[in-house]
Structures are given as C-alpha cells and as structure tokens.
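Q: So the sequence lines, in the order shown, correspond to chains A and B.
Residue numbers 3 to 497, in our numbering, belong to the letters of the first sequence in order.
Residue numbers 2 to 98, in our numbering, belong to the letters of the second sequence in order.
If you are wondering where the hints come from, they were derived from the structure by calculation, not from laboratory data.
You may find that some hints are simply not true.
Said to hold, decoys possible - Mimicking SDA-like on lysine to any residue, the simulated pairs with C-alpha atoms at most 25 Å apart in a straight line are: (1) B:K14 x A:R97; (2) B:K14 x B:P82; (3) B:K14 x A:A351; (4) B:K14 x A:P419; (5) B:K14 x A:G371; (6) B:K6 x A:R91; (7) B:K6 x A:K253; (8) A:K484 x A:S258; (9) B:K6 x A:S322; (10) A:K253 x A:D116; (11) A:K484 x A:S468; (12) A:K263 x A:D289; (13) A:K416 x B:G29; (14) A:K416 x B:Q31; (15) A:K416 x B:T21; (16) B:K14 x A:G354; (17) B:K14 x A:K416; (18) B:K14 x A:K263; (19) B:K14 x A:A325; (20) B:K14 x A:K484; (21) B:K14 x A:K253; (22) B:K6 x A:L309; (23) B:K6 x A:L150; (24) B:K6 x A:S369; (25) B:K6 x A:D116; (26) B:K14 x A:S258; (27) B:K14 x A:D340; (28) A:K416 x B:E24.
What the hints assert, rightly or not - Part of the chain A face toward chain B, derived, beta carbon under 10 Å: (29) C60; (30) L297; (31) S301; (32) T304; (33) S321; (34) G329; (35) R349; (36) A350; (37) I363; (38) A388; (39) A396; (40) A435.
Positions of the beta carbon are idealized from the N, C-alpha and C atoms, including for glycine.
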Amino acid sequence: MERSLIERTAAEIARGVNRGEHSAAEAVDAALARVGDVEERVGAFLTVLSDDARNRACAIDERVRAGERLPLAGVPLAVKDNMCVTGTRTTCGSRILERWTAPYTATAVRRLEDAGAIVIGKTNLDEFAMGSSCENSALGVTRNPYDLSRVPGGSSGGSAAAVAGYEAAIGVGSDTGGSIREPGAFCNVIGFKPTYGRVSRYGLIAFASSLDQIGPLTRTVEDAALVYDAMAGYDPMDSTSIDRPVEPTAKGLLESLSGLKVGIVRQFDTRELGDDVDEVYDRAYHDLEALGAELHDVSLPTADYGLATYYLIAPAECSSNLARFDGVRYGSRVEAADVQAMYENTRAAGFGPEVKRRILIGTYALSSGYYDAYYVRAQKARTLIARDFEAAFAEVDLIACPAASSPAFTFNAKSDPYSMYMMDYYTIPMSLAGLPALSVPCGWVTPPGGALPLPMGLQFAAPLFSEKLLLGAAHAYESATKHALKHKPEVGARG
Amino acid sequence: MSSEKIDVRYVAKLARIALTDEEVERFGAQLGDLLEHVNALGALDTSAVPATAQVVESRNVERPDTVVPCLSRETVMAQAPQRQGAFFRVPRIIAEG
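With the hints as extra help, turn the sequences into a complete structure.
A: Written out as structure tokens, the structure reads:
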C-alpha cells in the first residue's frame with residue numbers, strides 16, 4: 003500500500019512536488035489535517051499557522067509550475083518556538099514572551115523556506131530551552147507519541163513529537179547540552195546537532211551563546227542531511243557562524259561502515275542505564291562491527307566532569323543573555339513604583355522555576371569573589387574536555403555512546419533538578435567541545451509494567467566539521483538496522 | 002572551591018528577581034545541592050590550562066561602516082510594554098531633589 007502523504011519522508015515529498023505528482027498544497031493540507039486529528043493528544047505545537055502555511059504552499063506550487071526545483075519543495079516544517087518567524091508569536095515557552103510577535107525570521111528558518119519547506123507551526127519547548135522533558139514549558143504539555151503517558155524529552159520535545167507523530171515531515175530544534183539529541187532518542191527520530199557555528203544562530207533566542215546550535219529532527223538520516231544542507235553556512239548576521247565552505251551531505255550517504263574506526267567510551271558511567279538498556283547498546287556496538295566498523299576503546303578521562311562544567315558555563319551565559327528580559331523594551335511587564343521593583347517583579351512573574359534557578363546559579367558563578375573559583379575553572383575544564391576528544395579522534399573516526407541516560411520517562415518522574423540534568427550526561431561533553439553529534443534509533447525496551455515499547459537512541463559524535471562522515475555513518479547504520487520502523491506511535495499512523 | 006552556603010537573597014537581588022520566602026528556601030537547598038556536584042571540578046588540575054570561552058575558531062569581525070536596512074523604529078517600538086512617543090517609558094529612575 004502506498005504510504006499516505008503524512009508518512010512520507012521530506013525527500014519523498016519534495017520529489018513528488020518537483021515531479022508534479024502531488025502539490026505542496028496537498029502535502030500541507032495533509033499535515034494540517036493530521037495536526038487536527040492528533041494534536042489534542044500530543045500537544046506538540048504552541049501555535050499552528052494554517053493560513054500562512056496554505057498560502058506559502060500555493061506560492062511554492064507556482065514556483066514549481068514555473069520550472070523551479072527545490073530540495074525541500076512543499077515539506078511541512080515544525081519550528082521550535084525559540085526561533086523567530088516574522089509576524090508569528092515566538093514565546094520560548096515562557097510567560098514573559100507569551101504575547102511577543104517576532105519582527106524578523108531566523109536565518110536557519112529563512113533558508114529552509116528558501117529551499118521550499120513550509121512552516122506549519124511553532125513547537126513547545128522547556129522554557130528558554132532549559133530542560134530535558136518539555137515539562138518546564140509554561141504554555142503547554144507535550145506527550146510522547148510512542149507512549150502518551152511519557153514525556154517527549156527536551157528541550158526540543160515539541161519538534162521531536164511533531165515529527166514522530168507524523169504532524170510534520172521535518173522539525174528544527176536547538177541543542178545546548180543535548181536538547182535535540184535526547185528528544186530525538188525519546189521519540190524514535192534522528193536528532194542532529196551540527197558543529198558549533200555551522201548553522202547561524204541569528205533569530206534563535208539565546209540561552210547559552212557559546213553552546214547553542216540549531217539542528218534538524220527528522221524520521222530519516224537522509225532528511226536530516228537535506229535539512230542540514232539547506233541551513234548550514236556562514237551568515238553575516240551571526241558573527242560566530244563559521245565562514246568556510248559547507249560540504250553537502252545528502253548525496254552519496256554511506257551504505258557501509260567498512261574501514262571506519264569507531265571509539266567506544268569506557269569512562270562513561272553506565273550504571274544508571276539498567277540491564278535492558280545496556281543490552282540494547284551492546285547489541286548496537288555489535289551491529290557496528292557487523293557493518294564493517296573496527297571498534298576501539300577510547301579514553302575521555304575528563305568527560306565525566308562534563309555535567310559539572312556545563313552547569314556552570316550554561317547558567318553563567320544564560321544569566322547574562324536573559325538580563326534583556328526586564329519589562330522595558332518587549333515582553334510582559336509588572337508595573338511598580340520604582341524601576342528596580344519593576345524589574346524584579348516582572349522577572350519574578352515572567353520566568354518559571356528552572357529559569358530562575360539557572361539565572362541564580364549563573365549570577366552566583368559570575369559574581370565577585372566566585373568568578374575564578376567557578377566560572378573560570380569551568381572554562382578550563384572545558385579545555386580539558388575538548389582536548390580529550392582531540393586525542394580520541396587521533397585514534398578513531400567516530401565515537402559511539404548512548405544518547406540519553408534512560409528511555410522516555412513518565413511525567414513528574416524527575417522532581418529533583420539534578421536528576422533531570424543527568425539525562426544529558428552523554429550529550430553534554432560533545433556540546434562543550436563544539437562537536438557535531440546525532441542520535442539515531444538503535445532499539446526498543448519495554449519498561450517493567452509498561453505495555454508499550456520505548457525507543458532508544460545511539461549517539462555518534464565526530465570531529466569538528468565532519469558532518470558528512472557523521473551523517474554517512476548514521477545512514478549506513480540506519481539502513482542496515484531499520485530500528486525506527488519496528489513500532490508505530492501510540493497515536494497511530496492514520497489518526 | 003567554596004563550600005559556603007549561597008546567600009540566595011543577595012544573588013536574586015543581583016539577578017533582579019523578586020523571590021518569595023518559600024523560593025528562597027527551596028532554591029537555596031537546590032542550588033546548594035548543585036554546587037556540591039560542581040565542586041567535583043576541584044579534583045581537576047587546571048593550574049596550567051588556558052580557559053576556553055569559544056570552542057571553534059573565532060576572530061574579530063568587522064564590517065564596512067555603511068548604513069544597511071534594519072527594522073523600522075515603529076516596528077521595534079510597537080511591542081514596548083509602555084511607550085511615550087519614540088521612547089520606552091519606565092518608572093522614575095533618578096530620585097527627586
């Protein structure tokens with residue numbers, strides 16, 4: 003049976019539109035109908051842009067009729083709600099921006115639109131991208147399409163859920179310490195964080211500027227490559243974007259791992275994972291070998307300090323970035339008699355508990371008397387972590403390890419902040435080193451007492467700017483194992 | 002590394018966030034817990050290690066000093082919580098007298 007439009011990959015939709023087999027308008031209508039069917043249960047979106055999407059689809063159809071061929075023609079796109087889209091409410095999942103409308107479009111989103119993709123809505127996230135479950139959103143609850151009693155992961159959980167639930171063919175998220183890779187793993191999709199600086203951050207509302215990076219969430223590696231190829235590259239509007247040529251990745255993805263050296267990290271503390279999950283990863287490493295990879299143990303002696311390093315650097319940068327939300331120029335304001343009280347009351351009412359915690363810890367780490375002991379020491383630890391990866395990549399081409407500390411968990415399961423932070427134990431070291439890394443589906447576990455199998459993600463990391471190799475290897479693994487196709491979401495493929 | 006307790010009220014003042022007594026208590030305990038975890042960094046010998054602020058190559062960025070299009074003033078002002086003509090309006094900052 004031919005797959006319905008919502009089940010098709012971005013590559014298939016674009017091909018269909020470019021060949022005139024179906025229109026962009028039909029692809030967008032199918033996606034919007036699916037949103038209508040399942041959104042009440044999934045809750046991936048904070049804003050659905052039905053009219054804008056239909057108008058843009060007609061414009062794409064006209065361009066294709068006029069002879070243009072677009073790599074993402076008519077592909078429905080879900081955008082995390084910390085990226086600006088002109089004329090659209092852009093909230094960061096926060097009360098303080100609940101009614102703010104973006105006056106310009108983020109470069110990454112504009113490039114996807116130029117490639118033919120159509121934004122169908124803005125997706126839920128942990129407030130200001132701080133969290134690993136989407137539970138920190140002040141504006142909505144998102145459920146995991148594979149088990150609606152569980153979280154979709156975070157912070158890009160809305161985009162991951164929209165793609166996993168067939169509401170959008172592709173999504174974009176932002177990853178600061180794992181915020182694309184972990185929800186990718188939880189929702190049985192590819193979550194890909196490119197090299198820091200590869201994708202412009204212009205129009206991405208900043209959380210931790212030295213770590214934030216935009217990347218795709220897709221159902222196939224090929225789609226992740228198509229999205230990356232369309233987004234990547236220097237942007238004069240982001241002075242930290244890298245000004246060097248981008249090697250296209252989507253054409254000629256690898257089919258084998260033959261001759262590749264893959265490093266397995268032994269220092270990582272896998273005690274938390276549990277036997278079932280450990281087994282999934284052991285099988286995944288074995289599969290890599292069966293596909294021709296040579297496995298090597300690699301040593302990252304300081305990777306274990308990643309979490310401690312990250313929870314000083316990211317909050318420090320966040321405390322500085324979020325100082326701009328003061329009730330003066332945009333966002334909500336709580337009136338008070340003097341300006342100091344206006345700032346304090348505005349920020350007290352506008353930010354949720356996790357954002358407040360991070361601003362406080364960051365402010366403390368940067369404050370007089372503690373700056374060297376905390377912030378500078380963390381920056382030095384960051385150097386050591388990056389050097390560890392450099393040394394490892396002198397021995398191996400890629401590193402493979404878990405993408406998250408557990409499969410998707412139930413709501414309110416991580417009430418202690420540090421237990422939530424632990425979810426990103428495996429993704430944070432790569433972020434600190436700026437490396438490209440992705441999560442690819444690698445198997446399923448059925449938790450005790452749980453009826454539904456839960457997806458797991460294998461993380462690959464590669465040297466800086468090695469996106470082509472990274473996506474190629476993930477593609478070879480994906481085509482050989484096809485783990486993502488073994489189960490359907492709880493919301494079903496047909497509503 | 003310091004193991005002293007965070008003065009949450011003082012830090013909140015620096016961060017311009019009003020906290021309730023309950024929040025002072027709760028955040029104080031949670032931040033203390035986090036600091037214990039990050040104090041693990043004390044075990045690393047970083048005496049001869051340079052600090053990393055930016056991981057990937059970074060350089061100073063300059064551009065020609067020419068006028069380029071930007072958002073109009075009206076667009077920027079349109080979402081001000083309070084405005085007065087072309088200005089953002091805020092409560093009095095400088096005391097009288």
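Q: Does each hint hold? Answer for all of them.
A: Evaluation of the provided hints:
1. B:K14 x A:R97: holds (21 Å)
2. B:K14 x B:P82: It holds: about 23 Å lies between the C-alpha atoms, which stays within 25 Å.
3. B:K14 x A:A351: holds (15 Å)
4. B:K14 x A:P419: Distance of about 22 Å is within 25 Å: holds.
5. B:K14 x A:G371: Judged against 25 Å, a Cα distance of about 16 Å means the pair holds.
6. B:K6 x A:R91: Measuring from Cα to Cα gives roughly 40 Å; hence the hint is violated.
7. B:K6 x A:K253: violated (56 Å)
8. A:K484 x A:S258: holds (14 Å)
9. B:K6 x A:S322: holds (22 Å)
10. A:K253 x A:D116: holds (19 Å)
11. A:K484 x A:S468: OK: K484 (chain A) and S468 (chain A) at ~24 Å, within 25 Å.
12. A:K263 x A:D289: holds (14 Å)
13. A:K416 x B:G29: It holds: about 19 Å lies between the C-alpha atoms, which stays within 25 Å.
14. A:K416 x B:Q31: Holds, at roughly 13 Å.
15. A:K416 x B:T21: This hinted pair holds, its Cα atoms lying about 23 Å apart.
16. B:K14 x A:G354: This hinted pair holds, its Cα atoms lying about 17 Å apart.
17. B:K14 x A:K416: Outside the cut-off at roughly 29 Å; violated.
18. B:K14 x A:K263: It is violated: about 52 Å lies between the C-alpha atoms, which goes past 25 Å.
19. B:K14 x A:A325: holds (13 Å)
20. B:K14 x A:K484: At roughly 53 Å apart (the allowed maximum being 25 Å), K484 (chain A) and K14 (chain B) break the hint.
21. B:K14 x A:K253: Violated - the C-alpha atoms of K253 (chain A) and K14 (chain B) are around 54 Å apart, more than 25 Å.
22. B:K6 x A:L309: With a Cα-Cα distance of about 21 Å, the restraint between K6 (chain B) and L309 (chain A) holds, given a limit of 25 Å.
23. B:K6 x A:L150: violated (41 Å)
24. B:K6 x A:S369: holds (14 Å)
25. B:K6 x A:D116: The given pair, whose Cα atoms are some 52 Å apart, is violated under the 25 Å limit.
26. B:K14 x A:S258: Since the Cα atoms of K14 (chain B) and S258 (chain A) sit roughly 57 Å apart, the hinted pair is violated (cutoff 25 Å).
27. B:K14 x A:D340: Distance ~15 Å between K14 (chain B) and D340 (chain A) Cα, so the pair holds.
28. A:K416 x B:E24: Holds. K416 (chain A) to E24 (chain B) sits at ~19 Å (cutoff 25 Å).
29. C60: At 27 Å from the nearest chain B Cβ, C60 (chain A) fails the 10 Å test, so the hint is violated.
30. L297: With a closest approach of 27 Å, the L297 (chain A) hint is violated.
31. S301: violated (15 Å)
32. T304: holds (7 Å)
33. S321: Cβ of S321 (chain A) sits 6 Å from chain B, so the hint holds.
34. G329: holds (6 Å)
35. R349: Where the cut-off is 10 Å and the nearest Cβ of chain B is about 5 Å from R349 (chain A), the hint holds.
36. A350: holds (4 Å)
37. I363: With Cβ-Cβ at 6 Å, under 10 Å, it holds.
38. A388: It holds, given that the least Cβ distance between A388 (chain A) and chain B is near 6 Å, below 10 Å.
39. A396: violated (18 Å)
40. A435: holds (6 Å)
Hints 6, 7, 17, 18, 20, 21, 23, 25, 26, 29, 30, 31, 39 from the list above are not met by this structure, while the remaining hints are.
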